[in-house]
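Using the sequences and the accompanying hints, generate a full structural model.
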Amino acid sequence: MSFTIKDVSDKLNLSTHTIRYYEKEGVIPKVKRNDNGVREYTTTDIQWLELVCCLKETGMPLKNIKQIVRLSLVTNTEDTLEERLEILTNHKNKVLEHMKSTEKNLMKINKKIDYYKGNVNCKEGKIQ
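Residue numbering for the sequence shown follows the working numbering, beginning at 1 and increasing consecutively.
Honestly, the hints are just simulated from the structure, not real lab data.
Note that the structure is predicted; figures quoted are calculated from it, not measured.
Possibly wrong hints are sitting among the right ones.
[Unchecked claim] Pairs of lysine-lysine residues, derived as DSS-like cross-links and limited to a Cα-Cα distance of at most 25 Å, are as follows: (1) LYS94 x LYS56; (2) LYS6 x LYS32; (3) LYS32 x LYS56; (4) LYS117 x LYS94; (5) LYS30 x LYS66; (6) LYS66 x LYS56; (7) LYS92 x LYS112; (8) LYS30 x LYS6; (9) LYS104 x LYS66.
Laid out in structure tokens, this is it:
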């Protein structure tokens with residue numbers, strides 16, 4: 001089964017421009033085209049895009065995503081498994097650190113909200 005770029009765009013909530021950009025820049029593997037030159041996306045292509053979106057949304061730079069793609073497309077992928085694992089493990093650790101920091105900041109925000117709810121008459125302009 002194949003999908004049009006519009007199908008993929010709707011499914012992943014990505015603009016067609018972004019999808020084309022990712023392909024042009026090597027962020028995803030090259031997509032097959034039909035005899036008329038129209039891209040035909042497969043389920044595997046969509047899975048690649050989902051992974052790219054996940055990594056991008058969690059802060060991985062495009063150069064690292066490209067590296068994973070490049071390493072995944074070599075003839076013998078077992079030769080690059082350790083390197084790909086290291087890239088993803090390092091990224092996971094960064095995501096966990098960011099989550100920890102975000103949780104800490106959320107706790108501060110919640111404390112301030114609780115304080116304001118209990119002290120509705122606090123003076124304007126003064127941070128309490």
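Here is how each hint holds up against the structure:
For the proposed pair LYS94 and LYS56, the alpha carbon gap of about 13 Å is at most 25 Å, so the pair holds. Restraint check for LYS6 and LYS32: satisfied, since their Cα atoms lie roughly 15 Å apart, inside the 25 Å limit. A hinted pair counts as satisfied when its Cα atoms are at most 25 Å apart, and LYS32 with LYS56 qualifies at roughly 23 Å. For the given pair, LYS117 sits about 34 Å from LYS94 by alpha-carbon distance, which is inconsistent with the 25 Å threshold.
Between LYS30 and LYS66 the alpha-carbon distance is near 12 Å, which keeps this suggested pair within the 25 Å criterion. Restraint check: the Cα-Cα separation between LYS66 and LYS56 comes to about 11 Å, which is no more than 25 Å; the hinted pair holds. Between LYS92 and LYS112, the direct Cα distance comes to roughly 30 Å. Violation of the 25 Å bound is thereby established for this hinted pair. Between LYS30 and LYS6, the direct Cα distance comes to roughly 17 Å. Compliance with the 25 Å bound is thereby established for this hinted pair.
Annotation: proposed proximity of LYS104 to LYS66 is violated, straight-line Cα distance about 32 Å (limit 25 Å).
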